[in-house]
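Undergrad: Residues per chain are reported as follows:
There are 2 protein chains.
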Amino acid sequence: MKTIDVCLSPELMHLYDVQDKAVVVVDILRATSCMITAFAHEVQSIKPVADLNDCKKMKEFGFITSGERNGEKVEDFDKGNSPFEYMGEDIKGKKIAFTTTNGTQAIEKAKHAQELVIGAFINLSAVAEHLKKSKNSILVLCAGWKGRVNLEDTLFAGALIERMTGDVVPDDDSPIAALHLYQKAKGNMVEFLNESSHVKRLSRLNIYKDIEFCLTADQYKVVPVLKDKDLVLL
Amino acid sequence: MKTIDVCLSPELMHLYDVQDKAVVVVDILRATSCMITAFAHEVQSIKPVADLNDCKKMKEFGFITSGERNGEKVEDFDKGNSPFEYMGEDIKGKKIAFTTTNGTQAIEKAKHAQELVIGAFINLSAVAEHLKKSKNSILVLCAGWKGRVNLEDTLFAGALIERMTGDVVPDDDSPIAALHLYQKAKGNMVEFLNESSHVKRLSRLNIYKDIEFCLTADQYKVVPVLKDKDLVLL
Numbered sequence: 011m012k013t014i015d016v017c018l019s020p021e022l023m024h025l026y027d028v029q030d031k032a033v034v035v036v037d038i039l040r041a042t043s044c045m046i047t048a049f050a051h052e053v054q055s056i057k058p059v060a061d062l063n064d065c066k067k068m069k070e071f072g073f074i075t076s077g078e079r080n081g082e083k084v085e086d087f088d089k090g091n092s093p094f095e096y097m098g099e100d101i102k103g104k105k106i107a108f109t110t111t112n113g114t115q116a117i118e119k120a121k122h123a124q125e126l127v128i129g130a131f132i133n134l135s136a137v138a139e140h141l142k143k144s145k146n147s148i149l150v151l152c153a154g155w156k157g158r159v160n161l162e163d164t165l166f167a168g169a170l171i172e173r174m175t176g177d178v179v180p181d182d183d184s185p186i187a188a189l190h191l192y193q194k195a196k197g198n199m200v201e202f203l204n205e206s207s208h209v210k211r212l213s214r215l216n217i218y219k220d221i222e223f224c225l226t227a228d229q230y231k232v233v234p235v236l237k238d239k240d241l242v243l244l
Numbered sequence: 011m012k013t014i015d016v017c018l019s020p021e022l023m024h025l026y027d028v029q030d031k032a033v034v035v036v037d038i039l040r041a042t043s044c045m046i047t048a049f050a051h052e053v054q055s056i057k058p059v060a061d062l063n064d065c066k067k068m069k070e071f072g073f074i075t076s077g078e079r080n081g082e083k084v085e086d087f088d089k090g091n092s093p094f095e096y097m098g099e100d101i102k103g104k105k106i107a108f109t110t111t112n113g114t115q116a117i118e119k120a121k122h123a124q125e126l127v128i129g130a131f132i133n134l135s136a137v138a139e140h141l142k143k144s145k146n147s148i149l150v151l152c153a154g155w156k157g158r159v160n161l162e163d164t165l166f167a168g169a170l171i172e173r174m175t176g177d178v179v180p181d182d183d184s185p186i187a188a189l190h191l192y193q194k195a196k197g198n199m200v201e202f203l204n205e206s207s208h209v210k211r212l213s214r215l216n217i218y219k220d221i222e223f224c225l226t227a228d229q230y231k232v233v234p235v236l237k238d239k240d241l242v243l244l
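Residue numbers (the working numbering), protein chains in the order written: chain L, 11 to 244; chain F, 11 to 244.
A hint or two may mislead.
Just so you know, same-sequence chains aren't split out, so a pair can sit in one copy or run between any two.
Straight-line C-alpha distance at most 25 Å; calculated DSS-like pairs for lysine-lysine [to be verified]:
1) Lys156 x Lys67
2) Lys57 x Lys67
3) Lys104 x Lys121
4) Lys121 x Lys156
5) Lys12 x Lys210
6) Lys104 x Lys57
7) Lys210 x Lys156
8) Lys104 x Lys67
These are computed hints drawn from the structure, not numbers from a lab.
Working from the sequences, and respecting the hints, build out all of it.
TA: Now the structure itself:
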């Protein structure tokens, strides 16, 4: 049977061989949640850019510039890191250049995967259904917070493992831990995460509405994947 | 209030500043469990040695040579990595040179801590009582398995946090995750860990008795600490 493993931080990626794997990159609050929302609202493509200045320059080439550093919008960028900014007609058919503190760095570290998929709670079932059809074993790469492990990305890994029960087996202790945590949290994830350091950090930015949105499963059916250097719809 | 944080893998230690911290190094299966058992049976000191050949050479200087690689005893070493080897009269008053796959590497990475303490379930309450008296905030460093996160060390972190409730506050998402996992596991840790990859790996070596011993809390009251380059009793 195919296996599923979880890399709890991009700083541990050197321990995983991903050339024959489907890697699911997840940054629930909020990079991958934004990206999925944008594809659900018909953006053409998203270029993940690890460096802030490289991202800024993409405006000259007709890109919408998007992203954050430390959870806050970057000066001169068109858009920040709230999914509600990616629901309008203004992004339809457009290209976005996207940089974030953790999410786009995680994508960079997973770019040699056999297949790179963008996941979040808002497209959880769509990702699970896609991966069930794939022949590749799976690694969930949690973006974390500046290299540290965070709860919300770990919970997503657990949720994906639960949805895929019977199709995959956990390959290490991290997926087992993620599944246990999700099973404990799933009754009320907002409450479970209220004690989380990252959620506390973001709450100071008044994004409670974003958090609730990002934790609501299966709002969209889109599955963004990396093709060459861009994220596109499957 | 003092804080408590958890570094889930030695590969994440560069993210933590430990110069003003008490670091508790834990490698439940089985390095720190062996070390604590040895001190409870009156070993004089233990020199943690990261390199296998360096450890072997210590025999010339009168040391007992101990340790493992990949869970198995090393050829020509006096002792392996089962706590039951550290209960006899033969170690009383002696010096041990100790090398293991994960535990001694973790000690090496934490050597600049304000205070370095050796913890395991078998001395859990003694470690908690000692740390309550210390003014330093705490980082639990889980030795893991070859850089990867494992369940048993994470559960120890959760157990320590539970024992210290009221004296410390969790400082990040890792300690919160560890506490949740421990609360789910504590009713029957042996059963909880039966699905763990590391326990499965070790079970192949027929060490069920070791595992049960290493998961039984509060068998000893000794607290080994690093002084210069050696572990000694507090």
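Undergrad: Now, for every hint given, state plainly whether the structure supports it.
TA: Results for each hint:
1. In this assembly of identical chains, the alpha carbons of lysine 156 and lysine 67 lie at most 25 Å apart only when taken from the same copy (24 Å versus 41 Å across copies).
2. In this homomeric assembly, lysine 57 and lysine 67 come within 25 Å of each other (Cα to Cα) only inside a single copy, at 12 Å, whereas the closest approach across copies is 55 Å.
3. For a Cα distance limit of 25 Å, the shortest separation of lysine 104 from lysine 121 inside one copy, 23 Å, qualifies, whereas the shortest one across copies, 52 Å, does not.
4. In this homomeric assembly, lysine 121 and lysine 156 come within 25 Å of each other (Cα to Cα) both inside a single copy, at 19 Å, and across copies, at 23 Å.
5. Taking the closest pair of Cα atoms, lysine 12 and lysine 210 come within 25 Å of each other only across two copies (19 Å); inside a single copy the shortest separation is 37 Å, beyond that limit.
6. In this assembly of identical chains, the alpha carbons of lysine 104 and lysine 57 lie at most 25 Å apart only when taken from the same copy (11 Å versus 62 Å across copies).
7. For the identical chains of this complex, lysine 210 and lysine 156 are intra-copy neighbours only, at 15 Å inside a copy versus 32 Å across copies, given an alpha-carbon limit of 25 Å.
8. Taking CA atoms no more than 25 Å apart as the test, lysine 104 paired with lysine 67 passes inside one copy only; the shortest distance there is 16 Å, against 66 Å between copies.
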